[in-house]
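> Here the protein sequences line up with chains B and W, keeping their order. Numbers given in the working numbering equal positions in the first sequence, counted from 1, plus 183. Numbers given in the working numbering equal positions in the second sequence, counted from 1, plus 6.
Because the hints were derived from the structure by calculation, they are not lab data. Bear in mind that the values here come from a model prediction, so they are computed numbers and not experimental data. Where is the CB? At the ideal position from N, CA and C, for every residue including glycine. Take the hints with a grain of salt, since some may be wrong.
Claimed, not checked - Examples of chain W residues lying across from chain B (beta carbon under 8 Å, computed):
1) A76
2) A80
3) R88
4) F103
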Amino acid sequence: MLGHLLKHEFRATGRRMLPTLGVLALLGVLANLSIRMLESGFGGTLLRILMGLFVAAFFIGMTVAWVMTLVLMISRFYRNLLKDEGYLMFTLPTNSHALIWSKLIVSTVWFLATALLIGLLMMLTVANLGQMSADDFNAAFYGVREVLDMLYQLGVSRSSLILLLAELVVASVVTCLTTCLHFYAAMGLGQMSANHKGLMSVLAFIGISIAFQILASTVFSGLVKAGSVDLIVQSIEDLAQSAPGVVRVANSSVGSALLLEVLQGAVLYVITSLSLSKKLNLA
Amino acid sequence: MSAILECRNLSKSFGGVKALDGVNLSIEPGRVVGLLGPNGSGKTTLIKLANGLLTPSDGELLIAGMKPGADTKAIVSYLPDRTYLPDWMSVRQMLDFFEDFYADFQREKAVEMLGRLSIDERMHLGQMSKGTREKVQLILVMSREAGLYLLDEPIGGVDPATRDFILDTIIRNYNPSASVIISTHLIADVEAVLDEVIFINGGRIVLQKSVDEIREAQGKSVDAYFREVFKC
């Protein structure tokens, strides 16, 4: 059932996201060409103004794409599950977990796709692709190899670098999932209200944020009192004396942040799931 | 024969207000049942509980011996009292949707009914009138070979010709071994198709009898008897 839900969720969101990303890609290419032409002093004043507008439109387009992805993530959950369409979705022969995961997976894919496209287009804009040769690409590739070789010579293991990369990739995905779940949990709590579901969702969002901040502050002050923070700082300082130590510190830091993000996501998931399975209150 | 729908001391409260209060009833397969009561009597709450859209405050509700969940949703075909299909989807996409999720959905049957009404499959639901959308919803729901059809106010707010089409579609297309529960307060229009009626008021079951029993015992139509029972 999750496969079918994903198929229809991609169909519903793709009709908005694909044109958005397509226009952004087009603006990126136009901005790239415009920058190259402006650099080379090509064209008259009017053309140069137009090229400047393309560059501005590209930067505005990136913001619009982010906002669009965020708004779509929120509106799909709200309209498809908590408004009239919820009568269709919650009577499908599946459970609320599959419904939540279908929304989570699809939103995360669009967040990552938007981020990747923006990253790619930014690189395109910075790099003068028109004048780049195969040698330039090789030089960039060998540059990365040189840095890696240097790290290996300093005693950094290949496995620790792969672990760090994997942690960063997983952290990106988990951060997207947790961000979505923060909104979902707030809407799940807000829909329980007989009236003012939207307002209650906003208040629930703020409430959840404050609750996590209080929890984080409490845990941190507890660690400070116990002297654990000083011990951790001392360990980091000791480890950071060597290149392998720095990578190990990075591994531990990203790993710890990831663990906290997973815990936060798990709490938000339980809130979302319970509110939809036990306290569903469709208008 | 085991009941397709059974309620045992079923109650549902919203805040301090009891929408259903100790409901006990049993519906056998193969029956067309009218769930009749005035506005706010608890009809929609009972149907939502049977669909798993609400959870009971007390007691239990069973569909073919199971609590509402993914398994019961696979055998229940539900028509809510509102337009609930996404505006942006075309009729063809809705057919795909129902085919993907319901193993008992008969696409050919739906296509045939759409054809009889000259509804273009390429048309988007947002482009349709309210009446046409309601017909499409009914066609999708009645094209399933379900064990239980739960139709919440299927004839409310439509013109008499559409009303006739809806009732005709229900009677011609439901799986004969299944039960159909039609919730409505427009009794005169549905009376002819009912085997059995349940009167509900203030969240309590007032009466559950066959239509023939009421006619024989009371010497009047169900509509007339309903008016007598619920006289203001």
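> If a hint holds in the structure, say so; if it does not, say that too.
Hints, one by one, checked against the model:
| no. | hint | in the structure |
| --- | --- | --- |
| 1 | A76 | holds (5 Å) |
| 2 | A80 | holds (4 Å) |
| 3 | R88 | holds (6 Å) |
| 4 | F103 | holds (6 Å) |
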